[in-house]
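> Just so you know, the sequences run in chain order H and W.
In terms of the numbering used here, the first sequence opens at residue 1 and continues consecutively.
In terms of the numbering used here, the second sequence opens at residue 1 and continues consecutively.
Worth flagging that the hints you see were computed from the coordinates, not collected in a lab.
Nothing here was measured: the structure is a model prediction, and the numbers come from that model.
Beta carbons: idealized from backbone N, C-alpha and C, even for Gly.
Hints may be right or wrong, so weigh each one.
[What the hints assert, rightly or not] Some chain H residues well away from chain W (every beta-carbon gap over 10 Å; in silico):
#, residue
1, Phe26
2, Glu48
3, Ser49
4, His74
5, Thr87
6, Tyr89
7, Asn105
8, His121
9, Ser158
10, Gly160
11, Leu193
12, Val262
13, Leu278
14, Asn288
15, Lys304
[Stated by the list, open to error] Computed list of lysine to aspartate or glutamate pairs in EDC-like fashion (alpha-carbon distance at most 20 Å, straight line):
#, chain 1, residue 1, chain 2, residue 2
16, H, Lys273, W, Asp204
17, H, Lys273, W, Asp228
18, H, Lys268, W, Glu37
19, H, Lys268, W, Glu297
20, H, Lys197, W, Glu297
21, W, Lys200, H, Asp282
22, H, Lys226, W, Glu272
23, H, Lys152, W, Asp282
24, H, Lys274, W, Glu203
25, H, Lys274, W, Asp204
[As the list claims (entries may be wrong)] Partial chain H-side listing against chain W, Cβ under 10 Å, derived:
#, residue
26, Ile27
27, Gly69
28, Ser190
29, Ala220
30, Ser242
31, Pro244
32, Ala257
33, Ala261
34, Pro265
35, Leu281
36, Asp282
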Amino acid sequence: MEDIVRLENAGMSFAVRVGLFAPRRFINAVDDISLAIKEGEILSLVGESGCGKTTTGKIICGLIKPTKGKILFHGQDIWKMSRREFTKYRRAVQIIHQDPYASLNPSSTVYKILSTPLLKHKIVSNKREALKEVERLLETVGLTPSEDFLHKYPHQLSGGQRQRVAVARTLTVNPKFMVADEPVSMIDVSIRLSILKLLSKLKEELGATFLFITHDLAVARYFTWKGRVAVMYLGNIVEMGSTPKVIGEPLHPYTKALLSAVPEPDPKVTRSKKMMELRSLDIPSLLNLPSGCRFHPRCPFYMKDTCDATTPPLTEVKKDYYVSCLLYGK
Amino acid sequence: MAEKNILSVKNLSVEYKVGRGIVKAVTEVDLDIYKGESVALIGESGCGKTTMGLAMMNLVPPPGYIKEGEILFYGGTEPFNILSLDKGDLRNFRWKEISMVFQSALNALNPVMRVWDHIYDTARAHGKGSPEETKKRALELLELVRLEPERVLKAYPHELSGGMKQRALIAISLLLNPKIIILDEPTTALDILTQKNILKVLEDIKNKLNLSMIFISHDLSLAAELSDRIAVMYAGKIVELAEVYDLFYDSKHPYTVGLIRSVPTVTAEFKELIPIPGSPPDLISLPSGCPFHPRCEYATEGCEEEVPELIKVSEDHYVSCFRWREMKS
Chain H
1 MEDIVRLENA GMSFAVRVGL FAPRRFINAV DDISLAIKEG EILSLVGESG CGKTTTGKII
61 CGLIKPTKGK ILFHGQDIWK MSRREFTKYR RAVQIIHQDP YASLNPSSTV YKILSTPLLK
121 HKIVSNKREA LKEVERLLET VGLTPSEDFL HKYPHQLSGG QRQRVAVART LTVNPKFMVA
181 DEPVSMIDVS IRLSILKLLS KLKEELGATF LFITHDLAVA RYFTWKGRVA VMYLGNIVEM
241 GSTPKVIGEP LHPYTKALLS AVPEPDPKVT RSKKMMELRS LDIPSLLNLP SGCRFHPRCP
301 FYMKDTCDAT TPPLTEVKKD YYVSCLLYGK
Chain W
1 MAEKNILSVK NLSVEYKVGR GIVKAVTEVD LDIYKGESVA LIGESGCGKT TMGLAMMNLV
61 PPPGYIKEGE ILFYGGTEPF NILSLDKGDL RNFRWKEISM VFQSALNALN PVMRVWDHIY
121 DTARAHGKGS PEETKKRALE LLELVRLEPE RVLKAYPHEL SGGMKQRALI AISLLLNPKI
181 IILDEPTTAL DILTQKNILK VLEDIKNKLN LSMIFISHDL SLAAELSDRI AVMYAGKIVE
241 LAEVYDLFYD SKHPYTVGLI RSVPTVTAEF KELIPIPGSP PDLISLPSGC PFHPRCEYAT
301 EGCEEEVPEL IKVSEDHYVS CFRWREMKS
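Build out the structure end to end from the sequences listed, making use of the hints.
As structure tokens, then:
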């Protein structure tokens with residue numbers, strides 16, 4: 001299969017001021033990411049807050065322009081596209097945001113929210129067709145009977161229903177590539193699973209490619225079982241491979257530490273779990289990054305004069321499995 | 001029974017008066033908290049779990065009010081009803097007997113006060129000890145929550161990370177040696193590694209200090225890890241109450257079964273999970289009968305008409321469901 005999206009050494013730095021009169025400094029939210037996503041694939045990007053996973057998602061959606069590196073869509077650099085091509089790309093790539101309370105316009109009805117992109121992009125030619133299409137979309141995302149929802153405002157819907165409307169909105173333009181940024185983290189526990197199931201179903205039906213961004217390893221494991229996971233730490237991918245491998249037999253010490261710390265909804269399992277001891281619990285500030293491997297100040301396998309001196313590249317240690325750690329490779 | 005209890009919630013109902021009507025946040029709840037145990041109140045947002053916690057300190061904010069019920073505290077010489085304390089007594093009672101670590105703890109500290117000022121203010125308001133004694137106690141507690149005592153005491157909140165702030169708040173809540181500490185979503189909004197660290201701190205506290213802990217959370221994993229008993233709340237009621245192992249391995253309420261079944265894990269064998277259909281009810285217009293019946297696969301006609309009571313099904317295991325006998329988990 002062809003790569004639908006490819007990041008080549010993409011990086012994003014933001015200017016910040018630490019104090020009122022302090023000089024501007026730059027933080028690399030995303031340091032250096034190379035990543036290829038194949039058509040029809042499903043990939044999870046996991047990591048803790050501040051690791052750059054959302055920024056990566058935004059770069060892929062073309063919402064921000066990376067400060068270095070390239071992003072290619074079907075082999076074409078998106079920031080060198082003509083206007084028309086760029087619009088086409090924008091239509092092909094859609095994002096589902098984390099907070100369904102903030103991502104829908106509170107003064108528009110569900111019908112308005114869904115019909116606007118349909119009419120704007122001339123997917124339908126008149127209002128009657130728009131109505132029909134909106135009804136079909138609502139049914140696709142499980143908001144039935146659709147006439148109950150057409151004239152409601154977002155505040156009249158529950159969190160789960162809003163997220164379904166947000167999903168329906170991305171479907172209006174028939175996307176080829178969907179980015180879901182923490183789509184269930186603000187949703188009630190009992191509704192989460194049904195939203196995940198809806199996304200899986202849509203993925204099957206549309207054959208769309210999916211980038212799933214989450215901090216929750218269990219959700220990533222469940223949702224992308226048949227795909228891949230990439231683990232991020234402080235702006236870089238540290239481990240990437242097929243989901244059962246990464247979650248089941250992780251290689252990178254950071255992934256191991258994360259998995260050993262996840263509490264489980266089973267008292268016997270969770271109480272017998274042993275957390276990997278880290279050398280430090282503090283996440284380094286992005287303004288003051290450690291030299292060499294960024295995980296070395298916390299890593300229990302730290303090798304003096306090696307890990308703090310050399311930055312480990314993301315290397316293929318076995319087929320389609322990448323790790324950036326000096327313990328592996330060579 | 002009374003010697004075992006530190007707190008008894010009896011027939012408690014709490015409501016909020018809002019523009020659209022009356023929100024029945026907690027409806028006729030009974031719950032005993034034993035001495036030295038940890039109980040988790042589990043439920044989704046809007047199930048009344050935080051309101052329960054606030055009511056235990058008589059802190060329900062307007063437009064909320066306690067409609068009926070009493071909360072008996074057995075920590076003094078004589079048991080008394082927290083809800084009938086006057087203002088002065090209440091001020092004395094809070095924090096000294098029951099303290100609370102609030103949700104969004106990360107914003108709970110005053111940004112222009114050092115950690116020490118927070119601690120000293122609290123101690124002084126309760127007329128406790130000299131600055132030297134308070135300092136000694138503060139250093140002990142910060143040590144207990146695995147912080148560097150001297151440094152943190154002098155720090156302003158912005159100098160601390162999220163996990164450190166949370167631990168500092170836990171230390172402050174223990175300052176007056178309370179008999180009960182209520183923790184509202186203690187690990188939400190924290191990263192996985194930090195979360196685990198907080199859990200360890202709480203475990204230490206549980207083992208070293210003789211107090212009762214009440215966790216309020218939506219997270220089943222947290223309850224599985226830390227609690228002795230779990231109360232599952234749904235639409236303002238406790239639907240199941242049991243010891244932690246019974247609750248997970250011998251669940252009797254369809255909602256509990258559904259919740260456990262729908263949570264993905266990282267180690268268990270991979271299988272398709274089954275979601276609970278529908279969504280939680282609006283607390284202003286609750287469904288008739290059992291509030292869970294519109295989403296329940298076991299519901300029959302009777303469930304729509306009558307509200308099931310919380311009945312005892314075995315030692316320390318209570319369920320409010322007509323069909324609990326058919327439940328297998």
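> Give a verdict on every hint.
Quick rundown of the hints versus the structure:
1. Chain W leaves H/Phe26 outside its interface by the beta-carbon criterion, the shortest separation being 21 Å against a cut-off of 10 Å.
2. Some Cβ of chain W comes within 10 Å of the Cβ of H/Glu48; the nearest lies about 4 Å off, and the non-interface call is violated.
3. At roughly 6 Å, the least C-beta separation between H/Ser49 and chain W is not larger than 10 Å, which violates its mark as non-interface.
4. At roughly 33 Å, the least C-beta separation between H/His74 and chain W is larger than 10 Å, which holds for a residue marked as non-interface.
5. The claim that H/Thr87 is not at the interface with chain W holds, since no C-beta of that chain comes within 10 Å of its own (minimum 37 Å).
6. Taking the minimum C-beta to C-beta distance to chain W, about 33 Å, the non-interface status of H/Tyr89 holds against the 10 Å cut.
7. Distance check on H/Asn105: its Cβ is at least 22 Å (rounded) from any Cβ of chain W, clearing the 10 Å threshold; non-interface status holds.
8. Every Cβ of chain W is farther than 10 Å from the Cβ of H/His121; the closest lies at roughly 31 Å, confirming the non-interface assignment.
9. Interface exclusion of H/Ser158 from chain W breaks down, the closest Cβ pair being 5 Å apart, not more than 10 Å.
10. The beta carbon of H/Gly160 is not kept farther than 10 Å from every beta carbon of chain W, the shortest such distance being approximately 5 Å.
11. Its beta-carbon lying about 4 Å from the closest one in chain W, H/Leu193 breaks the requirement of being farther than 10 Å from that chain.
12. Non-interface status of H/Val262 relative to chain W is broken: a Cβ of that chain comes within 10 Å, the nearest being about 5 Å off.
13. With a closest Cβ-Cβ approach of about 7 Å to chain W, H/Leu278 is found to fall inside the 10 Å limit, against its non-interface label.
14. Interface exclusion of H/Asn288 from chain W stands, the closest Cβ pair being 14 Å apart, more than 10 Å.
15. No beta-carbon of chain W comes within 10 Å of the beta-carbon of H/Lys304; the shortest separation is about 23 Å.
16. For the hint linking H/Lys273 to W/Asp204, the alpha-carbon distance of about 16 Å falls within 20 Å, and the restraint holds.
17. Using a Cα cut-off of 20 Å, the hinted pair H/Lys273 and W/Asp228 holds, with the two alpha carbons roughly 18 Å apart.
18. Taking the CA atoms of H/Lys268 and W/Glu37, the gap is about 18 Å. The hint holds against a cut of 20 Å.
19. Proximity of H/Lys268 to W/Glu297 is assessed by CA-CA distance (about 28 Å); at most 20 Å being required, the pair is judged violated.
20. Taking the CA atoms of H/Lys197 and W/Glu297, the gap is about 19 Å. The hint holds against a cut of 20 Å.
21. For the suggested pair W/Lys200 and H/Asp282, the alpha carbons sit about 16 Å apart, so the restraint of at most 20 Å is met.
22. Between H/Lys226 and W/Glu272, the direct Cα distance comes to roughly 12 Å. Compliance with the 20 Å bound is thereby established for this hinted pair.
23. With a CA separation close to 16 Å, the supplied pair H/Lys152 and W/Asp282 stays within the 20 Å bound.
24. Taking the CA atoms of H/Lys274 and W/Glu203, the gap is near 14 Å; set against the 20 Å cutoff, the hint holds.
25. Among the hinted pairs, H/Lys274 with W/Asp204 is consistent with the structure: their alpha-carbon atoms are about 16 Å apart, no more than 20 Å.
26. Below 10 Å, beta-carbon pairs count as interface contacts, and H/Ile27 has none with chain W, the closest being about 16 Å; its hint is therefore violated.
27. Because the closest C-beta pair between H/Gly69 and chain W is about 27 Å apart, greater than 10 Å, the hint is violated.
28. Look at H/Ser190: its Cβ gets to within about 4 Å of chain W, closer than 10 Å, so that hint holds up.
29. Checking H/Ala220 against chain W by beta carbon gives a least distance of about 9 Å; that is within 10 Å, so the hint holds.
30. For H/Ser242, the interface hint is violated, since its Cβ never comes within 10 Å of a Cβ in chain W; the closest pair sits about 13 Å apart.
31. The beta carbon of H/Pro244 comes within 7 Å of a beta carbon in chain W, closer than 10 Å, and the hint placing it at the interface holds.
32. Given hint, H/Ala257 at the interface with chain W, holds; its Cβ is 7 Å from that chain's nearest Cβ, closer than 10 Å.
33. About 4 Å separates the beta-carbon of H/Ala261 from the nearest beta-carbon of chain W, less than 10 Å, and the hint is met.
34. A distance limit of 10 Å between C-beta atoms decides the matter here; for H/Pro265 the minimum to chain W is near 4 Å, and the interface restraint holds.
35. Because the smallest distance between the Cβ of H/Leu281 and any Cβ of chain W comes to about 6 Å, under 10 Å, the interface hint for this residue holds.
36. Interface hint status for H/Asp282: upheld, as the beta-carbon distance to the closest one in chain W is roughly 7 Å, under 10 Å.
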